[in-house]
Structure formats: C-alpha cells, structure tokens
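Q: Chain residues, written in single-letter form:
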Amino acid sequence: EAQVTQNPRYLITVTGKKLTVTCSQNMNHEYMSWYRQDPGLGLRQIYYSMNVEVTDKGDVPEGYKVSRKEKRNFPLILESPSPNQTSLYFCASSLSVGANNSPLHFGNGTRLTVT
Amino acid sequence: AQKVTQAQTEISVVEKEDVTLDCVYETRDTTYYLFWYKQPPSGELVFLIRRNSFDEQNEISGRYSWNFQKSTSSFNFTITASQVVDSAVYFCALKGSTGGFKTIFGAGTRLFVKA
Chain F
1 EAQVTQNPRY LITVTGKKLT VTCSQNMNHE YMSWYRQDPG LGLRQIYYSM
51 NVEVTDKGDV PEGYKVSRKE KRNFPLILES PSPNQTSLYF CASSLSVGAN
101 NSPLHFGNGT RLTVT
Chain H
1 AQKVTQAQTE ISVVEKEDVT LDCVYETRDT TYYLFWYKQP PSGELVFLIR
51 RNSFDEQNEI SGRYSWNFQK STSSFNFTIT ASQVVDSAVY FCALKGSTGG
101 FKTIFGAGTR LFVKA
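Top line first, the protein sequences correspond to chains F and H. With the numbering used here applied, the first sequence corresponds to residues 1 to 115, in that order. With the numbering used here applied, the second sequence corresponds to residues 1 to 115, in that order.
Please keep in mind that the hints were generated in silico from the structure rather than gathered at the bench. Please note that the accuracy of each hint is not assured.
[What the hints assert, rightly or not] Pair ranges (Cβ atoms, derived):
no.: 1; chain 1: F; residue 1: Thr15; chain 2: H; residue 2: Asn58; range: 25 to 35 Å
no.: 2; chain 1: H; residue 1: Phe54; chain 2: F; residue 2: Asn51; range: 22 to 32 Å
no.: 3; chain 1: H; residue 1: Asn58; chain 2: F; residue 2: Gly98; range: 38 to 48 Å
no.: 4; chain 1: H; residue 1: Thr78; chain 2: F; residue 2: Ser80; range: 39 to 49 Å
no.: 5; chain 1: F; residue 1: Asn100; chain 2: H; residue 2: Asp22; range: 34 to 44 Å
no.: 6; chain 1: H; residue 1: Ser61; chain 2: F; residue 2: Gly16; range: 23 to 33 Å
no.: 7; chain 1: F; residue 1: Ala2; chain 2: H; residue 2: Thr98; range: 38 to 48 Å
no.: 8; chain 1: H; residue 1: Gln69; chain 2: F; residue 2: Glu62; range: 19 to 29 Å
no.: 9; chain 1: H; residue 1: Asn52; chain 2: F; residue 2: Ala2; range: 22 to 32 Å
As the structure is a prediction and not an experimental result, all values here were calculated from the model. Backbone N, C-alpha and C fix where the C-beta goes; we use that ideal spot for every residue, glycine too.
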C-alpha cells in the first residue's frame, strides 16, 4: 500500500531532551516536507527536501533539523525541544518537484508534547 | 508573498443543508495550483481536489463542487446536502511556481454537521 509512515504517533518529552520523528514513504517521491499544525494557524512548513541531500528551510525552521540521506526517509530532529514546539506534526511527500499540481500525501501525524 | 485566507473559522449546519467554504488566495505567480484537503476527526489529511491557475473550469464530484474564480482570487468549496460524515476541518492550499514550489495552507475551516 502506498503510504507515508511517521513514528511515533504520540510523544511526550521534557525540555531539552533530543528527539527524532521518523518519516518514510514507499512511493519513490522526490519531494518531502514537514509541517506543524497549530490551532488557528493551519499547517506551516518547517523544512522541505527536493531530493537526496537537498534540504531547505520552510517558514518555521527554528529549533528543527532534517536530513535526507535516502530518498524514502526524511527524519525530523529536535535537538533541544522546548514547550513552544508542542504541536501536531505531519510529514508529507509528493511525486515530483517543480511547478506542477502533484498533491501532498501525508503521514498520520505525530502529536508532540514538550513539558 | 503568497497567502491563503479561510475567513470562516467554524461553520455549523444541520444535515441536508448546503454549505460553502470560502478560500481567498494571494500570489504573484502567473502559474499556480490550488488544492483542498480534508481532516476528519481521526486526524489524517486527505487530498480532495486540485486546480491549475490556467483552468478555470468548475468541477463537481458527487455532492462536492468547487468554484474557481481567478478574477476574485477565490477557490470556494460547496457541499450539497451535507451529511454527518462531512464533519471535518477543511484546508485550502496554494502551491506557487517559484520560491521552492512549496505548498502553503489556510488556517482551515471546521465544519460541524448535526444530525
């Protein structure tokens, strides 16, 4: 089944404790991205990647890191989480990069709470 | 800068009523792409429809219809004869043809359909 898989679904952690949220897609998509969803703000892009070893900042990159060592994986790293990073996170992928109408395919989300 | 505005934060209707969700966008790109996504109470994000800027034809899919008007920069979504299963948060999104081709989202409209 074609899908984007992110783990874990739920995560509660404490301020400063490094964590990684994994994301993997099995559709051979070139483009991958991370979003955070907060009430009243919709989804805001954190980072995106157009291909292996090519990543760039989105609109809210502070406090996050990503890597794209393989086409299928795009982990999100919080080196020192803070309470303002408590949010619902979505990984997404789409077929091709560039000016086209490929929609985003989303993972099921990771609800992160930082205390 | 690109922007998507969904002015309706929450809408509540009774089953079988028609309801229109508004979406207004801003972009300087001459080519761009518009999308609607649905987020049911279970939390996943599901792609509903896409529209290219050069294709102003409206679309109907069952009880769903979309009205794209370039002159008013709007891409509205109408549900005819709403059902309880339509209860969800609906996001309008815009993807440009420049600046990393990222997809930006509106804040979402939460639709409650009461039996």
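Q: Go ahead and decide if the range 23 to 33 Å is satisfied by the Cβ distance of H:Ser61 to F:Gly16.
A: 48 Å, violated
Q: Do the beta carbons of F:Asn100 and H:Asp22 sit within 34 to 44 Å of each other?
A: At 26 Å between Cβs, range violated.
Q: Taking 38 to 48 Å as the stated bounds, is the beta-carbon spacing between F:Ala2 and H:Thr98 within them?
A: For H:Thr98 against F:Ala2, whose Cβ atoms are near 29 Å apart, the range 38 to 48 Å is violated.
Q: Taking the CB of H:Gln69 and the CB of F:Glu62, does the distance hold inside 19 to 29 Å?
A: 37 Å, violated
Q: Is it true that F:Thr15 and H:Asn58 lie within 25 to 35 Å of each other by Cβ?
A: 50 Å Cβ-Cβ, so the 25 to 35 Å window is violated.
Q: Within 22 to 32 Å: is that where the Cβ-Cβ distance between H:Phe54 and F:Asn51 falls?
A: Roughly 27 Å apart at Cβ, these two residues keep to the hinted range, so it holds.
Q: Is the gap between the beta carbons of H:Asn58 and F:Gly98 within 38 to 48 Å?
A: 26 Å, violated
Q: Taking 39 to 49 Å as the hint, is the beta-carbon distance of H:Thr78 and F:Ser80 inside that range?
A: This hint holds: roughly 46 Å between Cβ atoms.
Q: That 22 to 32 Å hint for H:Asn52 and F:Ala2 (C-beta), does it hold up?
A: 23 Å, holds
Checked against the numbered hints listed earlier, the structure breaks hints 1, 3, 5, 6, 7 and 8; every other hint is satisfied.
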